[in-house]
Every structure is written in C-alpha cells, then in structure tokens.
Amino acid sequence: MEGIPNLQSHKALEVLWSFWKLQGVYSVEKYRFYQYLHAAFVLSTINGICSILFVGELFIVNSFKELLANLTMSCCLLICGYKTVIILRNRHQIIQIRYILDQLDVRPSTEVQRAEMARVCTTCNWLALTICFSYLIVNALFGVMAALSGRQHLVFPVWLPYDWRVSAFRFWMTWMYQNISQFFFCVQQAANDATGPIYLNVLNTHLRIIMYRIEHICNDTEKSDLDKQKEFIEAIEDHRLIMKVFDILQGTVSYTILLQFVGSCLVICMIILEYFLYNLTVTEICTGLSFLVAEMLEIAPCCYYSNEFMSSTDEFVNSIYSTNWTGQSIKFKKLMIIFMIFTQKSKVIIAGKVVTVTLSTFTSTMFQFQLSLEEVANDFLGALYLCILSAHLQIIMERFANIHYDPEKTEEESFQDFKHCLEDHRTIMDIFEIIQNTLSFTIFFQFITSILAVSTSGLLFLKFSPTLTETTAIFILILAEIAEIFPSCYYSDKFMEKTDQMVFMLYSSNWMDLSPKFRKHLIIFMQMTQKKKIILAGKQIPITLATFMSVSKDFGLSPTLRHPY
1 MEGIPNLQSH KALEVLWSFW KLQGVYSVEK YRFYQYLHAA FVLSTINGIC
51 SILFVGELFI VNSFKELLAN LTMSCCLLIC GYKTVIILRN RHQIIQIRYI
101 LDQLDVRPST EVQRAEMARV CTTCNWLALT ICFSYLIVNA LFGVMAALSG
151 RQHLVFPVWL PYDWRVSAFR FWMTWMYQNI SQFFFCVQQA ANDATGPIYL
201 NVLNTHLRII MYRIEHICND TEKSDLDKQK EFIEAIEDHR LIMKVFDILQ
251 GTVSYTILLQ FVGSCLVICM IILEYFLYNL TVTEICTGLS FLVAEMLEIA
301 PCCYYSNEFM SSTDEFVNSI YSTNWTGQSI KFKKLMIIFM IFTQKSKVII
351 AGKVVTVTLS TFTSTMFQFQ LSLEEVANDF LGALYLCILS AHLQIIMERF
401 ANIHYDPEKT EEESFQDFKH CLEDHRTIMD IFEIIQNTLS FTIFFQFITS
451 ILAVSTSGLL FLKFSPTLTE TTAIFILILA EIAEIFPSCY YSDKFMEKTD
501 QMVFMLYSSN WMDLSPKFRK HLIIFMQMTQ KKKIILAGKQ IPITLATFMS
551 VSKDFGLSPT LRHPY
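Numbered according to my numbering, the sequence shown spans residues 1 to 565.
Heads up, a few of these hints could be off.
Stated by the list, open to error - Capping the alpha-carbon separation at 27 Å, the derived lysine-lysine pairs in DSS-like fashion look like this:
1. Lys244 - Lys65
2. Lys494 - Lys532
3. Lys353 - Lys228
4. Lys223 - Lys334
5. Lys331 - Lys244
6. Lys347 - Lys494
7. Lys244 - Lys21
8. Lys494 - Lys531
9. Lys532 - Lys463
Keep in mind that the hints were calculated from the coordinates and are not lab data.
Every value quoted in this text rests on a predicted model; they were computed, and no experiment measured them.
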C-alpha cells in the first residue's frame, strides 16, 4: 500500500461502469456514432422488443395465474428500461461525479485511510457482482426448466409472431434469444440497482476521512494557526464537494431508486398473491422464493448505505465539536461555528422526493408485507368460511328439491336421503355457531379499526391541507379499509339469504305426495329453519350489506354535516 499516492476511490466504480458500458452507457462527455448505435441497439433489441413480447402476452393469457406470472416480468422489464433511460438522460451529471472524486482523492491521506478506501472499493465491486449474479441465478433457473421441458414451454411465456412449437430449430432459437436478452437485462438491472449504494458507500467513506482530518487538525502542535486554518478550509471545501455529489445523486439516482422501490413492491405482491391463490409445485415455490430474495436484495443495499451516509452527516457536528477548539484562534472558532451551523441538517436520499431511503423504510416495508399477510388472514377468514358454507347450503337445497322425484327410489330410500340432508344441514349450522362464537369477534374488531382508520383519515383531509401524495395515500387507505369489511358483509348477507330460501325450497318440494311420517319431519324441519341465521360481530352488530351501506353512508354524510357550505 506504500506505493499508492492517493485514495483512488474511482476503483469502486470499475465493475459498475463495465456493466453500463455493456449496455451502451459510456463515461464520456460526447458520444461517437458507434456509441449511439450501441445504446440504441441494446435499448431496442433488449428493452423494446422484450417489452413488446411480454405486454403482448397479457392480451392472450388463458388464466389469472399466467397473468400474474407475466405481469411480474413485464413490470421488471418496463421499470428497468425506464431506469436506464433516466441514467442515460442524466449521464453528464453522473460523469461529473468521477471528476469530483478525483479531487477528493488527491487530498493528503494516511496509510490506514488508503487501506480503508481500498477495502470499500473491493466491497463496492463485489456488491455489484453479487446483485448481478443473484439476478442471473434466478433467470438461469427459468432457462434450465425450459431446456429440460422437452420443448413444452419457453423460458418465459411471451407473444410471438410465429409458432415456436413447429420445429426444434424455432424453439431453440427462441430459447437462445430469451436467455441472451435476460442476461443483458440482469446486467442492466444490476447496474441500475447498484448505482445508488456504490456511490453512497464511496461518499460515506470520504466523509469519514474528512471527519478524521478535522478531529486531528488541532492536535498537531508543530503547525501554526495559519496552517490549521488552511487545513480546516480544505476540509470545508472537500465537504462541499461531497454535498455536491450528494445533490447530483438526489436529482438523478433518487428517481431510479423510487422506481426500484415501486417495482420491488409490485413484484413481491404478485408473487405472494400467486402463492396464496394456486397450488404451486416445489420448483415454482423455489423459483418464487429466489425471486423474493432477489427483490429484497435489490432495495436493501440502497437503504443500508443511505442510512450509513445519514448517520455520518449526523455525527459530523460532533466531530467538529470534539476538536481541540478551545485553544485555537478567534478566526478558527468563527470558521468552526459557521461550518457547524451548515452541517447540522441530516442528509438522506429521498427517492423521487417522496420516500426517504433508510433502513427504517426498508424494515417498515418488510413489516408492512408481513402485516398485510396477517391482515388478509384475519379479515378474509370469516368471509371465506361463509362463502364455503353458502355453497354447501345451496347444494343441500338442491338435494332437498330432488327428493322423492326419483321413480327408482322407494319411500324409505327417499326418507333416508332426507335424513342425510338434515344431518348435513345440522353440520353446517354447527360450523355457523363456531364462526359466531369465534370469528365474529375478529370481524367486530375489523369494523372498529376500519371505522377509526377511515374517520382519522377523513379528519386529516378536512382539517389540514394535504399534498397530492398525502391525498392519494389517504384515498387508498380509505378504499383499503372499505375493502376490508365488504367481503364479510357480502358473504354474511348471502348466507342469510340462503337460510331464508331454505323454507321456501322445502315448501316448494313435492311434499303433498309424501307419507305422513315424511311430512311430519318436513314440518318440524321447516319450523327449525325459519329463524334467520346471521353473524353478529361481537354479538352486537349484524354483518350484512345493509350494515355496510349504512356505515358507508355515514362516512359520506360526515363531511357534509361538518361543512354544509
């Protein structure tokens, strides 16, 4: 390390810019013709054609499962292409960062600091490679499954202007194109996702080095006050350069990070939805889990290094204050006070000027996914059971209606069928009582929390002047809370209708031709089924569509009553 003249932080960008160069994004001020041709070729053949093929498949899918699988890749492709366009548009600003880093590298540094920067450079290069390989592994699984399928399916189901099943040549040519395009797509996605973390990691290291320099400015007794002031001013200038790089990242890379967040959330939601709706094979589950890990790996580094940079900026004031400033000149103290004032504000990347990119955001996002899964299980359990019970009740009603119409059955056989129907009806009512005594309380809390959430959201909207983003968030929250209670009300109402129809169905059966014994049991059963069966949330609130409409009406009238004009 003794032969290293400066920090050489630009080495942290070697793998990243090799990825970009493969995509046609060059670190030059002005493109030559072949460079324009390279970028246009990649964008058209990889992002353009692949996006058209995936979007075209959306119009010819045969099932909702195929739609979810296609949407996952379509979202990834479209968002990745848009992020690449953002990088291309802001290429000149990003290139300027390299020149600023070169200015920071030539500052005096110790052997320990150079070793630390070398370690950070290695970490950044390994980070870019790890992200890329994680994406390649996931896509390789799809490629291997297609190759071993006996030409039954492609790597990804896409729309094609020809029939790839006609010959082996067409299949393998299509398979090869999909794998090559997916390779370029993985490299492109890795470059998009690693840009923010790598630059923030390098910036954070430079900031730590400046903090170390400031802390030790006053400890050198051999230096004059003028030399100390000069070193302090150089540290201030270096800090200004770091903040300049930060502002460039805030104005460029933050938008790709926002799309990164949106894309990851959409993909994770669709994978989880597919897992809950369908019985997936072991291979599909493993592939889905790999996809989930890759999507989490996509946003975790950004949040981590942005959080580290924010922590360093927060510690910067303490670093200045911890210097031996008491024995310094008045001019030095004035410089220190002014610099402390300017460095008090935390610096954190705000993705698209909307979402703060920190570890708390990452953990909050993961927690929200976990919470959403729990909410789905809690809120839809009652609705699902009632839906199944309604279907069973409909089947029993049809069985009742067909009793005694079969000429091949004797009176005794018809009576046995009737008894079986009675037993099944009793089983359904037993399940209903279990739901009434257990899930009705979860539905009750569901109503209470939904009412409180909607009321609070409405109050925030009425009492304050929310921004467009906050208004959209409030509107989505209200819709989510309404969707939370609607299924329970709907299926409870349907179950109540089925129990009401039971008596009319029994009366409309062929009871006049039945034996007295048969009619006696029929009359007793009709009397027992006359009572409405309806879920009472917490044994207080009837869960019906009428209740849902009443609650919704009250929410709609509340703003009018408070603000009649």
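Hint check results:
1. Lys244 - Lys65: Cα-Cα ~47 Å, so violated.
2. Lys494 - Lys532: Holds, at about 12 Å.
3. Lys353 - Lys228: violated (39 Å)
4. Lys223 - Lys334: holds (19 Å)
5. Lys331 - Lys244: holds (26 Å)
6. Lys347 - Lys494: violated (55 Å)
7. Lys244 - Lys21: holds (25 Å)
8. Lys494 - Lys531: Cα-Cα ~15 Å, so holds.
9. Lys532 - Lys463: violated (43 Å)
Checked against the numbered hints listed earlier, the structure breaks hints 1, 3, 6 and 9; every other hint is satisfied.
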